[in-house]
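S.K.: Residue-level listing of the chains:
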Amino acid sequence: MPSWKVDLKFLRNILDKVEPNFTGNGKYSKFYPLYEMADTFLFTPADRTQNGPHIRDAVDLKRVMSFVVIAMLPALLFGIFNVGYQINPNGELKDIFLAGLKIVLPIILVSYSVGGFWEVIFAVVRKHEINEGFLVTGMLIPLVMPPSIPLWMVAIATTFGVVIGKEIFGGTGYNIFNPALVARAFIFFAYPAAISGDRVWTVDGISQATPLLQASSEEGSKALELLGSQFNWWDMFYGFIPGSIGETSTLAILIGAVFLLVTRIGNWRIMAGTLLGMVLTAKLTNVFGEAVASSNSMLYLPAEYHLVMGGFAFGLVFMATDPVSAAQTDRGRWIYGLLIGFMCVIIRAINPAYPEGMMLAILFANAFSPLIDYFVMKSHIKQRLKRFAA
Amino acid sequence: MNIRVKKGHDLKLVGKPTKQLDTINFGPIVKLHPVEFPGIKPKLLVKEGDAVKKGSPIFFDKNHPEIMFTSPIGGRIEKIVFGERRRIEIVEIAVDDNAEEITFESFPPGELSALTAEKIISILCTSGLWPTIRRRPFSKIADPGKPPKSIFISTMSTAPFAVDLEIILENTPQENIQMGIDILQLLTSGAVHLVSPNNIPNSKLAELKNVQRHTYSGPHPAGNVGVHVSHIDPIKNKDDSIWYISLQDVISIGILFLSGTVDYKKYITVAGSAVSVKQHYSVNRGTLISQILSKNNLEASARIISGDILTGSISNRDNAIGFYHEAITVIPNVPDRVFMGWITPGFGKYSLSNTFLSKIFPKREQVLNTSMNGSKRAILPIGAIEKVMPLNILPTMLVKSIIANDIENMEQLGIYECDPEDFALCSFSDASKMDITGIIQDGLNFAELEG
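So the sequences go chain by chain: A and B. Counting from 1, one number per residue, gives the positions in the first sequence under my numbering. Counting from 1001, one number per residue, gives the positions in the second sequence under my numbering.
I should point out that these hints are in silico values taken from the structure, not numbers from a laboratory. Among the hints, a few may not be true.
Below, in silico cross-link-like pairs of lysine to any residue (SDA-like), each with a Cα-Cα straight-line distance of 20 Å or less [stated by the list, open to error]:
| # | chain 1 | residue 1 | chain 2 | residue 2 |
| --- | --- | --- | --- | --- |
| 1 | B | K1376 | A | V125 |
| 2 | B | K1079 | B | S1290 |
| 3 | B | K1363 | A | V125 |
As the structure is a prediction and not an experimental result, all values here were calculated from the model.
So that you can see chain A by itself, here it is in the shape it has in the complex (with noise of 0.2 Å):
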């Protein structure tokens, strides 16, 4: 197709032709990452190879951040579905899927333009260049927002999220919390009521509980019990449940996982050790409830159900497996992994005013990593010794 080539030859020679005005003297060279972040967004850059290796791998960090987004989108586009569909189950498919985007499409595009204007103000100051990892939080912050929340909590915490979990601390790659979840937590702490509680899902009047909710409302039961006939595992594996957008589907979800692993984004070893971490300690909290009777209804929750229930799914796959936030050791990763999936049982099961534990089991071993790497570091260092010794 000509036409393409000449449209595209087009656009090239516009971004050549203002170029100057961006670099050294020119009109607009404070905002140079603006032009660096179009000019490449549009071709992959010009740059070459100043020195061995000559060649480069064809990966970059704008392809392996827009993979993670990739991997998001079933989770996004079941998240609208659900949204719509939690409103008025009975209605047309269309239908059902306007409503959800009348309500998660202006949380995206808060998000999105929130965020996007921290991070553009920070690169012109710093003068460095805008960084992609923004794409991967801007989507995040979303999925992890109840569907009930009002558009200027998602601004604040956004605006909190990326200057305080990530700018503050010099930007994308030095940050020591995920900055999606610094958002939630925020707004967990500064509104609780909006995040948490039994008022949490009301969507143009019609409040529910979520699983978690109804599975920790009353003493003396057991978790299963609670959830009855009202939510059924397979309900909850689908995503036919109340909850965060992006979260309630396991199902879409697992497919974004598949897609992380094959591509290899998503550090297979953080999310195996978070899953066998959460599984391991479900199953002690089951066989201790069972040893006391407790009358704590979570200690009964079979893993299967902590699975589906709730953040942990999205937890796992995209909050846990970001790799600036997370342990940076191959041995450090399984070790972080386990630490997320045992402290978010124990936080479900022992905090009886926030049964969702996925989220600050994240920060707590997102505080914990660089500990957990100086500890590998430090045994590595020590089974060096021990090598030059023989």
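Starting from the known structure of chain A, fit chain B onto it as the hints suggest.
M.R.: For chain B alone, kept in the frame of chain A given last:
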């Protein structure tokens, strides 16, 4: 022992050299490039217009005045090019085929009892062959005064387009190799290790005496001397030292002591997707790349690399082939600016990541140009560089400690075992496009000063 490497990657690139071997003679000009020897302070022994013999010393290292760098051919000093702060960049010699040759004492095979380490060192240093022996850590010319705990001979690189070991062996009398090994053995109280690929069961290697033989298998960097050293006799600290040398230079040393004449020949490959004739050549040190490529057509604006595609240096036709280099690699130098490349399916893209559909045909050889294929970003540890790091090293942690100038961590994490070439695939595969080989070199420079 067989060193079995699992973490690494053999790059599948278009442009492999054939086994065809031709000889290339000196052209009218040869050049020496003192700047290519890291860590030396060159001081000239000649001036423009001087007549030199084959083997005449041209310059020496001020830090080690005994180490001479000699002319590979007789002739006249045509030109000396100085760079900033009178750094000697090029010594140009006009070739005179009738000029004399400097000769040395020769020794019959097996009768080396009269030779002491001191004498060997003195002959190697004056002949100009000493610089072929380098030391780890730091990969600089070996210090003649500090004998190593062992010496490693590397026989074949696993980097793309390496010289075929079988071609070297077919064209070399056994006694030359043996003599070289015997000489090296006299330089160390430890062992001389010879490491060859395990799929080349050549009888010439099997018959060698006075040497410990090892093999390696697996993908690049299995052939790197750093990998061999870490398995056989690891570097423990800054003052530890091993020496290493390429098999071809061992042969030159053997010839020197057998015949008394300095042999400047070596086998090289000319390869890469941007050059028309890809094959093996026999050349002399100092030969210009224009001479080596004289019967070859290059793509317009191709990049000429002296050395291999991973670790070589950018060169041009007017330069001589690098002293340590055994390849001339030519690749396209025009990065194509792909429209929205970050989201294309990527059938024609080469990647160790699984984000391109080209992975469906993993064996297909590809043409790679000099594009960075992305912009530089902060370190994003997704575990890609660990997959190509066979050394007992935590690469992400080491890189971070170097960036932080944390000398204690650097040392504990094994900086002295490292050489930039061992990290070439890390640089290659890193999605953040960090210059990891450069960072490792910075770390080594820092550790050498401060450690």
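S.K.: Taking each numbered hint in turn, which are not upheld by the structure, reported in ascending numerical order?
M.R.: The structure breaks only hint 3.
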